[in-house]
Amino acid sequence: MLSWLLEYAPSRLTGTGACVFAEFDTESEARQVLEQAPEWLNGFVAKGVNLSPLHRAML
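So for the sequence shown, this note's numbering puts the first residue at 6; every next one is plus one.
Keep in mind that the hints were calculated from the coordinates and are not lab data. Mixed in with the good hints, there may be bad ones.
As the list claims (entries may be wrong) - Per label pair, the in silico range of CB-to-CB distance:
#1 Met63 / Glu12: 31 to 41 Å
#2 Pro43 / Arg17: 15 to 25 Å
#3 Met63 / Pro43: 32 to 42 Å
#4 Ala62 / Leu11: 31 to 41 Å
#5 Leu56 / Arg17: 15 to 25 Å
#6 Trp9 / Arg61: 32 to 42 Å
#7 Arg17 / Leu59: 20 to 30 Å
#8 Met63 / Ala42: 16 to 26 Å
#9 Leu64 / Pro43: 11 to 21 Å
#10 Glu44 / Leu64: 35 to 45 Å
#11 Thr31 / Ser57: 15 to 25 Å
#12 Leu56 / Arg36: 23 to 33 Å
Think of the CB as a built atom: it goes at the ideal place given N, C-alpha and C, for glycine as much as any other residue.
Throw the hints in and build the complete structure from the sequences for me.
Pasting the structure below:
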């Protein structure tokens, strides 16, 4: 999975290594890459946040 995504953008594994993610300049760019994903790859586009909603609720 990581090697496939690295073809499109700098990509990293999550801390557990269960997921990979990449940062794109626009949502449109991210969706275009997602459309090219192989059938065996499940993915989604999400907006990144600097502070988790759970952490924010606990403040």
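Hints the structure fails to honour: The structure breaks hints 8, 9; every other hint is satisfied.
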